[in-house]
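Colleague: The residues making up each chain are set out below.
2 protein chains.
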Amino acid sequence: MVTVLLLLSLATASSSSVAGMASAGGCLYLVGLGLGDEKDITVKGLETVRRCKGIFLEGYTSILGVDVKRLEEFYERPVTLMDREAVESECDGMLELATKEEVAFLVVGDVYGATTHTDMAVRAKELGIKVRVIHNASIMNACSACGLQLYNFGQTVSICFFTETWKPDSFIDKVVVNKKAGMHTLALLDIKVKEQSEENMARGRKIYEPPRSVLKPRASHKIIDTLKPRHHLQSLQFPGRESVNLSLPLWT
Amino acid sequence: MVTVLLLLSLATASSSSVAGMASAGGCLYLVGLGLGDEKDITVKGLETVRRCKGIFLEGYTSILGVDVKRLEEFYERPVTLMDREAVESECDGMLELATKEEVAFLVVGDVYGATTHTDMAVRAKELGIKVRVIHNASIMNACSACGLQLYNFGQTVSICFFTETWKPDSFIDKVVVNKKAGMHTLALLDIKVKEQSEENMARGRKIYEPPRSVLKPRASHKIIDTLKPRHHLQSLQFPGRESVNLSLPLWT
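Residue numbers (the numbering used here), protein chains in the order written: chain A, 828 to 1079; chain B, 828 to 1079.
Mixed in with the good hints there might be a few duds.
It does not matter which identical chain is used: a pair holds within one copy or between any two.
Below 25 Å or equal to it, Euclidean Cα-Cα: the simulated SDA-like pairs (lysine to any residue) are [to be verified]:
(1) K1019 <-> N979
(2) K1019 <-> Q976
(3) K952 <-> Y978
(4) K866 <-> F901
Bear in mind the hints are in silico, worked out from the structure with no lab data behind them.
Same shape as in the complex, but just chain A (with noise of 0.2 Å):
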């Protein structure tokens, strides 16, 4: 029953559009890639893709279902694994490549989920650069394979690694304020990609720990283990059953 939208915003909109502007030759195209494995990218993804002559593919934020190398097969071209470092540092390579050539920054899942892409689009536009946006789905409305009305979710929380000395819990208020409105919450769980060490980070290494992510597991319990000691939100009732646990191959 629905398809034409309006959005009701609580702060102004950004004018800035992220399509629409002309540039000279070059374009940008942010290309979601979907959630599972080579073949979730869309048609008219893959044919921009291989048409581009640059091809970075975003892998700090989320992680596909499969290597670059697949994706290099799949598209018959090279492409360009960008972790946090190159995305926040180095993509004015990417831009400059922009403002002459097509070229394709790939993202898993859907374009404008991080707050980074919005930002690269911004920069993008600023310099003066097409910027095309391919959709694709999103872990926001895949969701709703776990059988709940994807009309009813509130604002989404994400999950941090606690440390030691930090073990930030902020987002608990979140979900109480959607409980107390009658809303779910989609909980999204903190990945480490080529992180440092606090040590290592202290000391200037660039030594990497392995790939990691918060367990589904320990993340109930984390969310339990913060409610104890505020018991004045004890009352609202998180029993354990309340919680779904959804993982990548949620789509399969």
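Start from chain A and add chain B according to the hints.
Modeller: Chain B in isolation, oriented as in the chain A frame:
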């Protein structure tokens, strides 16, 4: 920073996951088509559709930017358009076929945006039919193209057509809940496809009105009009510039 995830739900989630059950030979594929044209289907979706014995397009909760003919040409297969009547009353034939053959049910956007499709998956599973989902972009995630952060959206509302005798304004309460909690609201606007007039419905005449949608400017005005008599809500302030109108071609 996010991949694996966890859902905290208000209700106990349905234990019947829509994927993973084995059946004898057949399969029902629920395939998201994305939001634009025939090329917004995923490569996996296209490969699946092309080998299916039956292809059905759900055509009343949303409308694609291209007509069925163009889909048929692209898939190189016939496509049966299912209007509301067919989905609600005539899908038994489709499900029966899916007990023996591979069958695709195509949905504009992503698969589980509308409860109708969840119901269909549940029905299929109850009949012992294997169900597979191929996700795609939905307006529920692609709306991030407007520049607003997807994490900060609250519950979604629908704005229906107002008639002389029926002006459902309960959506505004949800908008207020979201706004008070600092969240954006995605408001989906009603469309009418193959709908009967009240008179024709009462007389049992299968005469259908031409397709139409709640036009965007009218929706903005409707919200303001709805707020007017509820003076205690006016302190929340919804100036016109706090709404963003999106329409189907947002991804181009």
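Colleague: Taking each numbered hint in turn, which are not upheld by the structure, reported in ascending numerical order?
Modeller: none
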